[in-house]
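Mind docking chain W on chain Z? Use the hints.
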Amino acid sequence: MGSPFPASSSRAGDGRLVVKLSPAGASSLEAMTYQYPLKLISPSPSADQKSVLVFILSYGGGLVGGDSVNLSIDVHEKSKLSLVTQGHTKVFKSPSPDIVTSQTLQVRVDDDASLCLLPDPVQPFESSVYVQTQIFKLAPRASVCFLDWVTQGRSARGEDWSFIRWTGRNEIWQRGDEAIGKDRLLVRDTVVLSSPDSLLLGRPLKETMHKTGVFGTLLLRGHLMKPVGDFFLSEFAALPRIGARDFRSAEDKAQEEAAQSESERWSSNRIQKEKEEGVLWSAANVRGCVIVKFGAKTVEAGRNWIGSMLIREGSVAHHFGSEALMCVQ
Amino acid sequence: MALSTATSDTASITHEIEELEAQLEDARARLKLSQLSTKDGGPTPAILKPSPSSSTHFLFLLSDSALPLGAFAFSSGLESYLAHNPRSSTFSDFLPSSVSSFASTTLPFVLAAHRDPKSLFDLDDQLDAAVICTVGRRASIAQGRALLTVWERSFRSTVSEVPEVQLLREFSTLLRESKGEIPAVSAHLAPLFGAICAIVGLSLRQAAYVFMLSHVKALISAAVRASVFGPFQAQKVLAGERVQHMIELMIDREWNTPVEEAGQSVPVMDLWIGRHELLYSRIFNS
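In order, the protein sequences belong to chains Z and W. Residues in the first sequence are numbered consecutively from 1, following this note's numbering. Residues in the second sequence are numbered consecutively from 1001, following this note's numbering.
This is chain Z alone, in the form it adopts within the complex (with noise of 0.2 Å):
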């Protein structure tokens, strides 16, 4: 006689979330699936709670060799949706380069809809295959902002790009409706970080990484978004250009500095900040999406310097509650 309970449809690693937005006005939960080693948990939702808050964890804290973890995501009309982590993800050795450990997700948000996914980096460790993949398929007015971030691995161990494959693609589309027909690819972000491929050059990974303990991306797309875009965008604009001298006196400059607005003196703390940390970044407008790439020394330069910005923005946190933020402060 076989088991009287129905079979799942679902296999390792499979997980499903769907928020949508409840007759009361707040967004809630309304599906949410997973299975092992893939863990969701939803704290239970507050009065004031700005969007859905999710955490995505794994049994042990992190991804054996050859473990696959797939989760879809759907948001509804006009609810948000908070994705965070607890801690890096990290990601153990495989025992041969064949055995791919990976990460899938796949993200539907609709109209008037977002979605916030701040994790923790992903901490890949000597001798590990990781591919990640995830795909946002947004509504004309959906919006996404989303951070993938990289570290050097186990650092106090001595691990410095130490893994064998790290590929990570991230691709935003614009779905397509009646109208448009098909849908449309507006950003495909690729990194491929391969050791055998760096050694072929005569070179090991770590030295193409030139001394950056931490590479990450953030994507931000949708009108929520814009005013975090154009944010990023008019600090990068406003950069110290590089080679430039200072040929101003000590009083002049002691004298221009007092002058500063708040807000001048913030990013040039902010400045002298990333120049001590060894922050790099860059940020970029391509087809209506706001790339903003940055590399620092150490993982916690990296964290300080992008939650800096987030929070001085204020938009994540306005939109979506502060506790989205939590992994980048």
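Keep in mind the hints are simulated off the structure, nothing from the lab. Even glycine gets a Cβ: it sits at the ideal position worked out from N, Cα and C. It cannot be assumed that every hint is accurate.
Stated by the list, open to error - Per the computed footprint, the stretches of chain W lying under chain Z, defined by three or more beta-carbons under 8 Å from a beta-carbon of chain Z, are: (1) 1094-1103; (2) 1130-1136; (3) 1244-1254; (4) 1259-1269.
Said to hold, decoys possible - Ranges of calculated distance between the beta carbons of each label pair, as one might list FRET restraints: (5) Z:Ile242 to W:Pro1231: 42 to 48 Å; (6) Z:Met32 to W:Arg1176: 49 to 55 Å; (7) W:Gln1235 to Z:Ala259: 51 to 57 Å.
Coordinates of chain W only, in the frame set by chain Z:
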């Protein structure tokens, strides 16, 4: 006497090899054309061009540094790299990073466009979505448009009317009409280069090699103008086995990479190229 026999033997064998190679190239070209026309369902074109000699001719034209693409205006991040690492920069450190990054992001598009020139529109759009920095996009589009102009004004009249010629006509019409935030086509260099190489009869491998070598030549020429080294050292680097080996390695690495999986292999390169705009003084556009 024995020596001269040997010499004439060598000469005749060399001659024979040349003839056989020419025949092989010719057969390949005909095979390609017939495959293309069967795909279209149309009749085989009456003129079986490009002939092997004309393809060699175009190989030289496309690899010539005098090809007016304006490649001299771009340093592909070298200038920015030098400014960011004032004390620790070396060209031998930058070169492999640049070659790897350029190959991993663009070479799959050259190969795909050469294999199927009809996919040019789609490839151009996909590459446009994948170039995530303003400065890099500007460099790619400026050279792509220049190549399209060279094609229209200079190459097209000498190439027989194969279906792809019409395709490029449609491409440039669409380019003129494209505007707005997300243009239908942008004319990036890599896919156009692949398609044009296919039309003028370069083999897939040749197209990839010329594409990569042109990048190295542009870099080295930029290095000379940025006073990294002199012209003789530049030729030495260019002629060196290391560069040849690197290009071959990159072509092999990307030979089967689908364009969907093309990506940045040296992330700091995006930062250097993206931050080129921040340099106080610049002699290049990228």
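Hint by hint, here is what the structure shows:
Under a criterion of three residues with beta carbons nearer than 8 Å to beta carbons of chain Z, the stated coverage of the region 1094-1103 of chain W is upheld, 4 such residues being counted. Residue count for the region 1130-1136 of chain W with a Cβ under 8 Å from a Cβ of chain Z: 5. That meets the three needed, and the coverage hint holds. Counting residues of the region 1244-1254 of chain W whose CB lies closer than 8 Å to any CB of chain Z gives 3, so the stated coverage by that chain holds, three being the minimum. Counting residues of the region 1259-1269 of chain W whose CB lies closer than 8 Å to any CB of chain Z gives 9, which reaches the minimum of 3, so the coverage claim holds.
Take isoleucine 242 of chain Z and proline 1231 of chain W: their Cβ atoms lie about 27 Å apart, and the range 42 to 48 Å is violated. Roughly 51 Å separates the CB atoms of methionine 32 of chain Z and arginine 1176 of chain W, a value that falls within the hinted 49 to 55 Å. Against the hinted window of 51 to 57 Å, the Cβ-Cβ separation of glutamine 1235 of chain W and alanine 259 of chain Z comes to about 55 Å, which satisfies the hint.
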